Each structure stands twice: as C-alpha cells, then as structure tokens.
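S.K.: Construct the entire structure; sequences and hints are all you get.
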Amino acid sequence: MTDKVGVCIATSGPGATNLITGIADAMLDSIPVVCITGQVANPLIGTDAFQEADIIGMTIPITKWNYQITDPKEIPHILAKAFHVAKNGRPGPVLIDVTKDAQFGEFDFDPEQLKGFSYNTPVVCESDLSKAAHLINQAKRPYILAGHGITIANAEAALAEFATKTGIPVACTLHGLSSITMDHPLYVGMLGMHGNYGSNVLTNEADLIIALGMRFDDRVTGNLNTYAKNAKIIHIDIDKAELNKNIQTNVAIHGDAKEVLTELINHVAPNNHASWINKFKDYYSLEHETVMHYQVTPQPGHKIKMAEVIDKLSRKTKGNAVIVSDVGQHQMIAARYYQFRNPRSHITSGGLGTMGFALPAAIGAKIAAPDREVIAVIGDGGFQMNIQELAVLAQEGLKVKILILNNEYLGMVRQWQELFFEERYSFTSLVNPDFVKIAQAYSIPAMRVSDDSELNKALDTMLDTDSSFLLEVMVEKQGKVFPMVPAGCGVGEIRLS
Amino acid sequence: MNMYVISIITQNTLNVLQRVAGMFSRYRINIEHINISRHTEELSYWNVVIYSEDDRIELLTKQLNKIIELVDIKIIDKVPMSGQFEGASA
Numbered sequence: 001m002t003d004k005v006g007v008c009i010a011t012s013g014p015g016a017t018n019l020i021t022g023i024a025d026a027m028l029d030s031i032p033v034v035c036i037t038g039q040v041a042n043p044l045i046g047t048d049a050f051q052e053a054d055i056i057g058m059t060i061p062i063t064k065w066n067y068q069i070t071d072p073k074e075i076p077h078i079l080a081k082a083f084h085v086a087k088n089g090r091p092g093p094v095l096i097d098v099t100k101d102a103q104f105g106e107f108d109f110d111p112e113q114l115k116g117f118s119y120n121t122p123v124v125c126e127s128d129l130s131k132a133a134h135l136i137n138q139a140k141r142p143y144i145l146a147g148h149g150i151t152i153a154n155a156e157a158a159l160a161e162f163a164t165k166t167g168i169p170v171a172c173t174l175h176g177l178s179s180i181t182m183d184h185p186l187y188v189g190m191l192g193m194h195g196n197y198g199s200n201v202l203t204n205e206a207d208l209i210i211a212l213g214m215r216f217d218d219r220v221t222g223n224l225n226t227y228a229k230n231a232k233i234i235h236i237d238i239d240k241a242e243l244n245k246n247i248q249t250n251v252a253i254h255g256d257a258k259e260v261l262t263e264l265i266n267h268v269a270p271n272n273h274a275s276w277i278n279k280f281k282d283y284y285s286l287e288h289e290t291v292m293h294y295q296v297t298p299q300p301g302h303k304i305k306m307a308e309v310i311d312k313l314s315r316k317t318k319g320n321a322v323i324v325s326d327v328g329q330h331q332m333i334a335a336r337y338y339q340f341r342n343p344r345s346h347i348t349s350g351g352l353g354t355m356g357f358a359l360p361a362a363i364g365a366k367i368a369a370p371d372r373e374v375i376a377v378i379g380d381g382g383f384q385m386n387i388q389e390l391a392v393l394a395q396e397g398l399k400v401k402i403l404i405l406n407n408e409y410l411g412m413v414r415q416w417q418e419l420f421f422e423e424r425y426s427f428t429s430l431v432n433p434d435f436v437k438i439a440q441a442y443s444i445p446a447m448r449v450s451d452d453s454e455l456n457k458a459l460d461t462m463l464d465t466d467s468s469f470l471l472e473v474m475v476e477k478q479g480k481v482f483p484m485v486p487a488g489c490g491v492g493e494i495r496l497s
Numbered sequence: 001m002n003m004y005v006i007s008i009i010t011q012n013t014l015n016v017l018q019r020v021a022g023m024f025s026r027y028r029i030n031i032e033h034i035n036i037s038r039h040t041e042e043l044s045y046w047n048v049v050i051y052s053e054d055d056r057i058e059l060l061t062k063q064l065n066k067i068i069e070l071v072d073i074k075i076i077d078k079v080p081m082s083g084q085f086e087g088a089s090a
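Keeping their order, the protein sequence lines are chains A and B.
Numbering-wise (the numbering used here), the first sequence opens with residue 1 and increments by one.
Numbering-wise (the numbering used here), the second sequence opens with residue 1 and increments by one.
Any given hint could be a false lead.
Restricting the straight-line Cα-Cα distance to at most 30 Å, the calculated cross-link-like pairs of lysine-lysine (DSSO-like) are [as the list claims (entries may be wrong)]: (1) Lys73/A with Lys66/B; (2) Lys245/A with Lys62/B; (3) Lys229/A with Lys279/A; (4) Lys312/A with Lys437/A; (5) Lys78/B with Lys81/A; (6) Lys229/A with Lys62/B; (7) Lys140/A with Lys232/A; (8) Lys81/A with Lys74/B; (9) Lys100/A with Lys73/A; (10) Lys78/B with Lys115/A; (11) Lys66/B with Lys240/A; (12) Lys131/A with Lys74/B; (13) Lys62/B with Lys4/A; (14) Lys245/A with Lys74/B; (15) Lys232/A with Lys62/B; (16) Lys87/A with Lys62/B.
Cβ-Cβ distance ranges computed for the label pairs, FRET-style [what the hints assert, rightly or not]: (17) Asp72/B with Glu289/A: 55 to 61 Å; (18) Asp183/A with Asn47/B: 57 to 63 Å; (19) Lys73/A with Arg26/B: 30 to 36 Å.
Computed footprint of chain A on chain B; a stretch qualifies when at least three of its residues, placed anywhere within it, have a C-beta under 8 Å from a C-beta of chain A [to be verified]: (20) 19 to 26; (21) 61 to 71.
It is worth saying that the hints were derived from the structure and are not from the lab.
In this text, all values refer to a predicted model and were calculated from it rather than measured experimentally.
Just so you know, even glycine gets a beta-carbon here, dropped at the ideal spot from N, CA and C.
M.R.: Below you can see the structure in the form of structure tokens.
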C-alpha cells in the first residue's frame with residue numbers, strides 16, 4: 001500500500017516459526033518488512049531451552065538478510081541496517097533475532113550508530129539506453145510487459161508517459177495490475193496462466209518485448225521453449241539476478257524502473273501502432289464474446305458466478321477500491337474482472353500463492369491507507385486458514401469489507417482435478433461452518449446471499465455499512481476460470497474453454 | 001559439465017558459511033572441495049571447487065552476489081570435463 005517498510009514482532013520459538021510463511025511470501029513478492037523475533041538468553045542458546053528455535057538458520061533462505069543480536073549495544077546499528085536492506089534495491093524481508101538478555105540490557109544510545117547507510121540506484125549506461133531506444137524505434141509490433149517493479153519504483157506516471165509517447169500496448173502481470181489504469185487506451189490486459197487471451201497469444205507475435213520490473217515467472221511465460229520466439233527482448237529490472245535468468249535478453253538494463261523509463265522517454269521517437277493494437281482489440285472481442293460476457297451476465301435459474309460479483313463490485317466502487325485477494329479461483333477472477341483505476345490497488349500473494357493471505361493483508365492495507373475502501377476478496381477455503389484475524393478487525397474497529405465467494409470447494413484445485421486428472425476429485429469438496437454466524441460472534445455485521453436478485457442490494461449494504469462487514473456470496477459450485485494456459489503449455493496454447 | 005574453481009571473499013561473520021553453502025545446495029550443486037581461511041579479522045577468503053553447467057553457475061554467482069556479507073566472487077578457473085566426470089554434481 002505504501003513504500004514504507006512493514007514491521008512485525010513475534011516471540012521466540014513458535015512465535016518466530018509462525019512468521020515463516022509470511023516471510024517466504026514477502027521474499028517472493030519483494031515486500032519490504034523487518035521481522036523482530038525474541039530469542040532465549042544468550043547463555044541458553046543451544047541447550048534446547050524453552051521456546052528456543054534456530055530462527056536465523058531457518059530463515060536464511062527466505063530473507064534478504066538476518067542477524068542475531070546478543071549485545072544491546074548492537075541494537076541501533078543493526079536495526080538501522082535492517083531497514084536499509086529491506087527497503088533498498090529489490091525490497092524484501094529482513095529478520096532480526098534479539099536474545100532475551102540483549103532485550104533487557106541497557107546501553108548508551110548514540111545517534112551516530114544509525115548513520116552510515118546510503119543507497120544509490122544502479123547507474124544506467126547510456127549505450128544500453130541507446131540500444132534499447134534503437135530497438136523500440138525500429139519495432140513494428142512492440143509490447144510492454146509491466147510488473148510489480150513499476151509500483152515498487154513509483155513509476156506509474158513514467159510508464160503511462162512512455163507508453164503514450166511510443167504508442168506501445170501495455171499488459172500487466174498479476175502484481176503489475178493497477179500500475180496503469182485499465183481504461184488507458186493502450187492497456188491490453190493481464191498476462192499469465194489465467195490472463196487475457198490476446199495479451200498471452202500476441203506475446204508470440206510481438207517483435208519486441210519491453211519487460212519492466214517483471215521476472216518472467218513460469219505462470220507468465222508458460223513453456224519457455226515456445227515463448228516469444230519472434231521477439232527481441234529488453235529487460236529492465238532492479239535485481240541483476242533476474243536479468244537473463246529465464247529469458248535471454250538483447251538488452252538487459254539493471255536499474256530502477258522509474259529512472260530508466262524517465263531516461264528512455266527522451267531517447268524514443270513518438271509513434272503509434274494502430275494495426276498492432278487492433279489485433280489485441282480483436283482478441284479481446286473474441287474473449288468477451290466467448291467467456292467474459294457469459295461470466296458477468298446473470299443466467300436465470302443458475303447460481304451467481306464469481307465474475308458477476310466482481311464486475312458489480314467494480315462498477316459500484318468505480319474501480320477505486322483496494323482489492324486484497326486470497327489465492328485460487330476468486331483471486332484470478334478478481335484480477336481479471338475488477339477494473340483498477342488507481343495505483344497500489346491490487347494486493348495478493350503472487351509468487352508463493354499463500355492461501356489465508358487476504359484477511360491479514362487487508363487489515364494491513366486498511367491501517368496503511370485508512371481513507372481508502374479496502375475489500376478482501378476471499379474463497380471459502382482460504383478464509384478458514386486465517387479466520388482468527390477477525391478478532392483483530394473487531395478489536396481495532398477497522399472498516400475492512402470481506403467478500404467471501406463461497407463455492408464450497410477448493411475451486412482451483414477442483415478445476416485442475418476435473419481438467420487434468422480425469423475428474424478424480426481428492427479433498428477439494430468442503431463442508432464449511434456458518435461464516436455469517438462466526439462474523440457475528442466477533443460483532444462484525446454479516447449477511448449471506450444465494451440469489452442473483454439479492455446481490456445488488458447485498459453489495460450496497462456491504463459498501464454502505466460504516467464498519468467492517470462480511471458478505472458471503474454463494475456462487476456456482478463447479479465454475480472454472482478461463483482462459484487458461486495449461487501447465488507446461490506455451491502461451492499460444494491458451495484455452496478459452 | 002565443467003569443473004569450476006571459485007574464489008569468494010566474505011565478511012568473517014557467524015552464519016556466513018551457512019548462507020553461502022546453502023545457496024549451492026539450493027541450486028543442487030555439490031561442493032567437491034572447500035577451503036575457508038581468515039584473511040583479516042573482518043574478511044574470510046574462500047576457495048570452492050564444484051562441477052556445474054554454464055547457465056547454472058551464472059545464476060548461482062548472481063544469487064551469491066546478493067548475500068549481504070559477500071564482498072567479492074570470481075570464477076578463477078573453468079575446466080571442461082570428459083564424460084567420466086558427468087554426474088559428479090548432484
């Protein structure tokens with residue numbers, strides 16, 4: 001929500017180990033966070049003392065940096081370094097473990113201990129900019145792939161200016177969503193396994209790909225052997241290790257997305273690519289006719305569809321809400337059907353795909369941006385994975401709206417079992433508790449709708465309520481998310497049904 | 001498959017062995033030989049011998065470079081291996 005570093009504190013042993021999934025999530029999604037954990041006193045380390053856990057050893061692979069403080073005098077310098085490491089370069093999690101004796105110790109604080117940390121973004125080589133600009137100016141079918149790096153670098157305006165000047169279409173990764181307003185004439189959709197049809201298929205027709213702050217994740221590329229074979233590649237990323245990792249580039253620029261785009265704008269010629277963009281429009285029309293129109297239009301006698309709920313929510317909030325989604329079918333539907341209008345409006349667990357993410361993340365989002373409408377969109381499966389966080393909502397009086405899209409299944413896994421495992425359903429059907437009663441037990445107003453005719457009113461009630469609110473929508477039980485690039489297939493093999 | 005001799009300089013701190021060695025195991029590269037010695041009070045010099053493919057070693061060195069305590073890393077020797085050594089790396 002902001003570019004500030006998040007902080008969390010946990011006690012030693014189980015408190016610390018319970019952070020592990022969240023830390024791994026932050027590592028994969030480049031979220032700056034400093035985790036401070038308690039540890040047994042220094043003389044007890046290694047004795048299997050009560051609530052002792054080697055949290056440093058456990059979190060080395062999932063943190064940018066970690067450190068154990070045993071001397072209280074280290075606290076100012078190490079914490080200053082922790083924030084410096086978490087925030088700069090590619091952001092990520094840092095864990096500082098503080099032994100009990102260090103916590104209780106005393107020292108003379110010297111502000112000088114906080115100094116000595118400076119960060120300069122990588123210097124971009126002029127010849128790389130010239131090479132990139134040359135490729136961009138020559139390209140007939142150029143294509144911008146915008147990732148999370150745009151948001152992290154606060155490069156939304158630079159992206160829009162660059163795209164507008166060059167006339168190049170822009171697609172977003174899951175975490176790139178909301179880095180460009182979806183009503184921008186050059187926005188052509190979401191990339192990836194459940195992204196838009198044209199934005200995936202036309203990757204293979206592009207003659208130039210300009211990848212901005214994205215990492216060619218396997219969910220975006222599908223089979224690398226058939227990915228973007230007609231395109232030259234310009235890859236811009238703050239993490240050098242991402243360059244030439246999955247895709248070999250023609251120009252690799254190690255740098256901050258905003259700084260590079262701002263420079264690059266001065267090197268490129270104004271252009272437009274009308275006939276190329278028309279191809280995206282044609283594919284969009286096809287996808288709209290075969291998938292989207294059907295998904296958002298109520299069908300008499302049928303249950304509510306997830307897409308219909310998100311479409312209505314998007315219209316009612318005018319695309320201005322912050323959507324925090326969990327993981328699964330509802331996540332892909334929220335990403336596909338909510339029309340994001342503002343930066344920093346889409347929060348989800350992308351890299352790690354952590355079910356249970358949405359409720360606590362929405363609480364964090366609301367605290368970070370109290371003036372924005374924050375809506376947690378959650379499936380019935382994921383909701384129970386961190387349902388206890390309702391207590392925090394109630395205790396802090398936070399006005400977070402919770403929208404449960406309940407299909408009584410782990411829907412995405414069920415979809416895979418249907419499509420790829422000969423309908424051998426295994427542990428995907430759920431018997432849920434009464435979520436409305438549970439919310440009410442926390443004094444959170446709640447209601448459930450099952451009928452299309454009640455949906456509009458229920459959404460209005462949720463949005464108009466001046467407190468937290470839980471709305472459970474009973475949706476089509478065996479709906480599937482399409483389009484879909486089957487695992488192991490190329491993006492050109494994306495299926496509409 | 002090539003044999004690589006890698007020279008690394010790190011800060012001489014607790015856990016640095018685990019950080020660096022852990023990165024090799026993450027990429028499923030077995031360490032055939034390792035020597036670490038304190039160079040100054042602050043710095044340790046490492047000499048590591050591994051077998052790997054070119055693309056893996058490039059990825060590995062980039063990831064190793066992200067370790068905060070790592071000061072420098074260089075591949076100082078690369079020896080193409082004949083078939084009998086293939087599979088030496090996990």
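S.K.: Hey, Lys73/A versus Lys66/B, does the alpha-carbon distance stay inside 30 Å?
M.R.: 27 Å, holds
S.K.: Assuming the hint says 55 to 61 Å, is it satisfied by the Cβ distance from Asp72/B to Glu289/A or not?
M.R.: 58 Å, holds
S.K.: Given a hinted range of 57 to 63 Å, is it respected by the beta-carbon distance of Asp183/A and Asn47/B?
M.R.: 58 Å, holds
S.K.: Apply the coverage criterion to the segment 61 to 71 of chain B and chain A: a residue qualifies when its Cβ sits closer than 8 Å to a Cβ of the chain, and three qualifying residues are needed.
M.R.: Holds, because 5 residues of the segment 61 to 71 of chain B bring their Cβ atoms closer than 8 Å to Cβ atoms of chain A.
S.K.: Taking 30 Å as the top limit, are the C-alpha atoms of Lys78/B and Lys81/A close enough?
M.R.: 36 Å, violated
S.K.: Using C-beta distances, would you say chain A covers the segment 19 to 26 of chain B, given that this needs three or more residues below 8 Å?
M.R.: The restraint on the segment 19 to 26 of chain B holds, since 3 of its residues have a Cβ under 8 Å from chain A and three suffice.
S.K.: Just to be careful, I want the Cα atoms of Lys78/B and Lys115/A compared with a cutoff of 30 Å; is the pair within it?
M.R.: 42 Å, violated
S.K.: Does Lys62/B sit within 30 Å of Lys232/A, going by the straight-line distance between their CA atoms?
M.R.: 23 Å, holds
S.K.: Holds or violated: are the alpha carbons of Lys131/A and Lys74/B at most 30 Å from each other?
M.R.: OK: Lys131/A and Lys74/B at ~28 Å, within 30 Å.
S.K.: Quickly compare the C-alpha distance for Lys140/A and Lys232/A to 30 Å and report which way the hint goes.
M.R.: 12 Å, holds
S.K.: When you check the alpha-carbon spacing of Lys312/A and Lys437/A, does it fall within 30 Å?
M.R.: 25 Å, holds
S.K.: Run the distance test for Lys87/A versus Lys62/B: straight-line Cα separation, threshold 30 Å.
M.R.: 20 Å, holds
Of the numbered hints listed earlier, those contradicted by the structure are 5, 10.
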